[in-house]
Amino acid sequence: MRSDRGDYRGALGKIDKLVNLDMLTPQGYFHRLGRTGDDIFRMLRSAQDRHIEIMHEAQRATKDIIGKLDVRKLERETHTFDLDGQKVTLSTAQIMSLYELMKRKQAQDHIFTGGIRPDAVRGGRGIRESRRADAVRVTVEDLAEITGKLTEEQIRIADGLQKYMGGRLAELGNQASMEVYGYQKFNEPDYFPIQVDKNQTQKDITKDAQAQTIAGRGFTKSTTPKANNAVMVGSIFDIFSSHVNDMATYAAWLSTMENVRRIRDFTYRDSEGNRTGTVKSVIERVFGRNGNNYLNKLVDDLNQGVRASGSGNFMDGIIGNYKAAAVAANLRVVLQQPTAILRALNTIDAKYLIAGSVRRGDWEKVMKYAPIARWKDWGYFDINTGRQMKDVLLGSSSAMEKIKQASMAPAGKADSFAWARLWNAVEAETKDRRPGLKPGTDAFYKAVADRFSQVIDQSQVVDGILQRSQIMRSPDALTKMSTSFMAELQRPTICS
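Be aware that the sequence shown starts at 1, since it is given in this note's numbering, and climbs by one per residue.
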């Protein structure tokens, strides 16, 4: 890898003093590494698009399975049982999980040896009750009584969610594992995620660190014969949405992250096999001593994922509400959103922007071909105001979340107006500069989508790991709060 952008230290001093790397987006970072760096960023963006496409497919499939089901009602609805001399409360959603767990041989070993430990049940106002600290033993008769509370419709839905996890999601995971490892890892038809009681396990720091990587997630591991830890029983909807996101991450990112790791650790050698340099040395020559730290942090963030606000964390909720309060139902924000088109002037010729602005936008077409637009439509168009992926998949937003999203809708619509016009502009540019592509064909729209994503990356606000600078990816709550509005001001400036 060679940077054709030049050495950025020179007489002006170290690049980490000239340009604050914390403020640099991944696109700007890789662009400074030359054509190879641009290729790496395109590879990362392709993986991000694939992740969104898988989540969208799962959203459609989930809607077919659950229909208009009130997910939150089943998570609040409770049943109390006498188990091993104790009163134990389970929600209907937890019983649906237990019903599916009983079909998996590995789970049976956990349940009949270690027992079950119900997770907390969500209260009527969204406040979690105290969860049990210890497991309780159960018999076959107990399980028959517990699962007997389910209706035929609830069983049908539970079976549908399990079949999607053990079927389509396993298929997507196997495609990735075949590409990287040469074999299929996910072949258990009765698969349902097992969450063991961590109070009964020993902490292994090495294993915990490995579990933070995409390749090392718990669902990728082989099962342990005759395991006897108690099994946690959570809401089937929490378990399903979490596994969808995990498997979508695995299927979309595994190969790409392996390639990035190989590139990062690559060593240059001459014809006789002698070491002549490394990629890390190139990065340090371009960026200074902090250049490799930036890449390592980005790889960690991509492996672990950056939690969207509204994920259940208290401080995330505070930050999201702080940002939403300033944006929601704010007429000034709504009126200024369409001016985001002007931010693209450094990326696309003004004549195309003018041509695109006078045409009516087709937002459905944009979402069909540009995954980043689908991400935006889900609510991730701005930093710290996104929705839980569970809500996106299951339509399970709380009343408060629905109010917040409704108040944000005018700003979102205005932003969609701008993006649809940007799509029109890119269509006009593609027609002009790529006459070999026939307008209206899939090949044409795919070319437009690729160029559109470039424009969005360089000029618009999107709450994605590849669109955030390093400081905006910080897990620190105060840093998140202080950078909450930075996305509107901080866009990657690309110049050769």
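Honestly, the hints are just simulated from the structure, not real lab data.
Yeah, the Cβ is synthetic: ideal placement off N, Cα and C, and Gly gets one too.
Be aware that a few hints might be false.
What the hints assert, rightly or not - The calculated label-pair distances, taken between Cβ atoms and stated as ranges, are:
1. E179 - T80: 34 to 40 Å
2. M23 - S242: 31 to 37 Å
3. R156 - V180: 33 to 39 Å
4. V358 - N296: 45 to 51 Å
5. N259 - R433: 25 to 31 Å
6. S242 - I263: 26 to 32 Å
7. G216 - R168: 34 to 40 Å
8. N296 - E179: 22 to 28 Å
Each hint tested on the structure:
Hint check: E179 to T80, Cβ distance near 48 Å, so the stated range 34 to 40 Å is violated. Taking 31 to 37 Å as the suggested C-beta distance range, the pair M23 and S242 conforms, at roughly 33 Å. For the pair R156 and V180, the beta carbons lie near 36 Å from each other, so the given range of 33 to 39 Å is met. Taken as a hint, the range 45 to 51 Å holds for the pair V358 and N296, whose Cβ atoms sit roughly 47 Å apart.
Judged by the Cβ atoms, the range 25 to 31 Å given for N259 and R433 holds: they are separated by roughly 30 Å. Distance hint for S242 and I263: a CB-CB separation of about 30 Å, consistent with the stated range 26 to 32 Å. Separation of G216 from R168 is about 23 Å and departs from the stated range, judged on CB atoms against 34 to 40 Å. The hinted range of 22 to 28 Å is satisfied by N296 and E179, whose Cβ atoms lie roughly 24 Å apart.
Hints 1, 7, counting from the list given before, are not met by this structure.
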